[in-house]
Amino acid sequence: MKIAFPVAGSDLSAVLDARFGRAQRFLIVDSDNDTFELLENGSNVDASQGAGIQSAQLVIASGAKALVSSHCGPKAFKVFQVAGIPVLQAPVASIAQLLAKFKAGELEAMTGPDNAGHMG
Amino acid sequence: MKIAVASGKGGTGKTTFSVALVLANRDRARIVDCDVEEPNAHLFLGGPEPVVETVRASIPVVDGDLCTACGACVDFCQYNALALAGSGGLLVFPELCHDCGGCIRICPNNALTEGPVSRGTIETKIIGGDLELVTGRLEVGSPSAPTVIRAAIARAPLLERETTILDAPPGTACSFAACMLAADHCLLVTDPTPFGLHDLALAIEAIREMSKPFSVVINRSLGPDDLASVFCRDQGYAVAMRIAESREIAQACSQGKTLLDAIPGIGQDLRDLLDAILETRATEVSG
Ligand code: SF4
Ligand code: SF4
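Going down the list, the sequences are from chains A and B. Counting from 1, position 38 in the first sequence corresponds to residue 1080 in the numbering used here; the numbering is continuous, with no gaps. Counting from 1, position 2 in the second sequence corresponds to residue 18 in the numbering used here; the numbering is continuous, with no gaps.
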């Protein structure tokens, strides 16, 4: 199963980026064999509005079946919800650590967005 | 004839001035409050309960049977108001949509149609039997301030008046532009402080891009040699009026009095000001 992590780094030692919509890139990890690919978040880093929405679409299109993130705004959350993809809440830690937690079933799905909406 | 009263920032006394301008000319002018995010002219003018109308705009509505999730509309929308949510299909975020209608036109499968959404209200009232006030009010969180401003300006007048005063929104962004584009002349209210000048210069730049005639009103003026007066003289900008700095005026205004109450004789000055603008306009049109 593929899982997406917003990151600033570029491999499993990278640390989770707390800003989902404006993360530099996403690490898409296949939990079955620990391989991963990198997905640049491109222009969304500077998008004037709707960065979270764009990033959510990118993650969904990558084939990921879950997102691991410390935060998720209301609009991105809605996109994930409609797409049926859980947002698993996690503390800021290395991806390797979080992957272990995921496999141990220690990450819980968020039931709603935790960031206030913003127009910016 | 539409005259916009604007200032680059808040706190220059813009609304106080536009309210006084319309009060002094109530036999020939009406006022439209275009500061739709925080309309406040009604606070000075009072009057009866307004008639309220809803401003509607058209946002896309998806027909899930026709949509093939091709993504063309998502790529097109520069406001990120559309999203493909995997098997969930296309999502519309009305709070981000700017009602441009573009996605509806470009969808190759005709899966999008226009659906109405409320963006704000227009409140109209007649004060004292002869002064018409139209207030545009944006719905909280709506991105469509220009839509509401245009609707307020376009509202059919109840009273026949040759002049409409537009109390413009602050700043120089798209709300400001929507108001200015409708105006024939712009009065820029400033105060003679460095901040005031900085914002005045920005506002003038924006107005010149739209090729609109303008003149400057200096509020809290310290005389013909204050910062703003010197600036206008150097740049060759017309100063339409000066209102002297005075503690009594400030006090009266803070108690909710209008400039007409606070400054004896200003009513005539404000009538002369409108005469002057109407005259220049007449020569511009005939010349
Ligand atoms: S352009 Fe039309 S068909 Fe394509 S995703 Fe948008 S609504 Fe669906
Ligand atoms: S109408 Fe314009 S702003 Fe609204 S969703 Fe369509 S393209 Fe985006």
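Among the clues, some could well be false.
Said to hold, decoys possible - One-sided and incomplete, this derived list gives chain A residues near chain B with beta-carbon spacing under 10 Å: (1) Arg1064; (2) Leu1080; (3) Leu1081; (4) Gly1084; (5) Asn1086; (6) Ser1090; (7) Gln1091; (8) Gly1094; (9) Ile1095; (10) Gln1096; (11) Val1124; (12) Ile1127; (13) Pro1128.
Everything labelled a hint here was simulated from the structure, so no lab data went into it. By construction, the Cβ of each residue, glycine as well, lies at the ideal position given by its N, Cα and C atoms.
Which of the numbered hints above does this structure break?
-> 1, 2, 3, 4, 13
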